[in-house]
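Just so you know, the sequences run in chain order E and B.
The opening residue of the first sequence carries number 5 in this note's numbering; numbering runs sequentially from there.
The opening residue of the second sequence carries number 4 in this note's numbering; numbering runs sequentially from there.
Be aware that one or more of the hints could be misleading.
Claimed, not checked - Cross-link-like lysine to aspartate or glutamate pairs, in silico, DMTMM-like; alpha carbons within 20 angstroms at most:
1. B/LYS102 <-> E/GLU83
2. E/LYS74 <-> E/GLU63
3. B/LYS97 <-> E/ASP66
4. B/LYS40 <-> B/GLU8
5. B/LYS102 <-> E/GLU63
Claimed, not checked - To be clear about the criterion: a stretch of chain B counts as covered by chain E if any three or more of its residues have a C-beta under 8 angstroms from a C-beta of chain E, and this derived list gives those stretches:
6. 63–70
7. 78–89
If you are wondering where the hints come from, they were derived from the structure by calculation, not from laboratory data.
The structure presented is a predicted model; accordingly, all values stated were derived computationally and were not measured.
Glycine included, each C-beta is placed from N, C-alpha and C at the ideal position.
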Amino acid sequence: DAGITQSPRYKITETGRQVTLMCHQTWSHSYMFWYRQDLGHGLRLIYYSAAADITDKGEVPDGYVVSRSKTENFPLTLESATRSQTSVYFCASRAGTENTEAFFGQGTRLTVV
Amino acid sequence: GENVEQHPSTLSVQEGDSAVIKCTYSDSASNYFPWYKQELGKGPQLIIDIRSNVGEKKDQRIAVTLNKTAKHFSLHITETQPEDSAVYFCAASKGGYQKVTFGIGTKLQVIP
Chain E
5 DAGITQSPRY KITETGRQVT LMCHQTWSHS YMFWYRQDLG HGLRLIYYSA
55 AADITDKGEV PDGYVVSRSK TENFPLTLES ATRSQTSVYF CASRAGTENT
105 EAFFGQGTRL TVV
Chain B
4 GENVEQHPST LSVQEGDSAV IKCTYSDSAS NYFPWYKQEL GKGPQLIIDI
54 RSNVGEKKDQ RIAVTLNKTA KHFSLHITET QPEDSAVYFC AASKGGYQKV
104 TFGIGTKLQV IP
């Protein structure tokens, strides 16, 4: 199916465990982003990528790691999950350098217990 | 960095009335202002956007206005319908790789 998909949709993990959230897009968009959504904070950028093998920190990168070995995939890893990382995570992609529409996945609801 | 403030955080209107959501931004270099609608359980979806060289843009029942001098922009929804109920986000960005800064969101409830 064309579009941007995230997996899993829901995840419960324990404090201290490593967890990876997956993001896959079929448009070959250059830019990909990870946001977290928390009540009272809106959408905050964690990491972004301008192309394969190019990534950079966003507003709240601590505790997260990303990679982008292929254009279509942009996984987000929580190296040692903490309760403060309980959130809804959204992946997004955009075609190019101009101001164009960002397409969002359906989100992953992560609970750290 | 850019800071986007959005208000109100919640808004209830009667079906058929208008709804207005206001945002301000801090970075005068920002030149692109999208609005996203997020329905329950879904990711945000672009509904309209405006660039800094335009003061107003309209798409059916939705309009956005931009005041660059005051650094604020607004979303106007006329003749609201129950399906307009959602969370709306304003955002601002500038050129290049386009880090987009979002407001905190407005939960709009349209009462039938």
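Against the structure, the hints come out as follows:
1. B/LYS102 <-> E/GLU83: 24 angstroms, violated
2. E/LYS74 <-> E/GLU63: The given pair, whose Cα atoms are some 24 angstroms apart, is violated under the 20 angstroms limit.
3. B/LYS97 <-> E/ASP66: 24 angstroms, violated
4. B/LYS40 <-> B/GLU8: 17 angstroms, holds
5. B/LYS102 <-> E/GLU63: 10 angstroms, holds
6. 63–70: violated (count 0)
7. 78–89: violated (count 0)
Checked against the numbered hints listed earlier, the structure breaks hints 1, 2, 3, 6 and 7; every other hint is satisfied.
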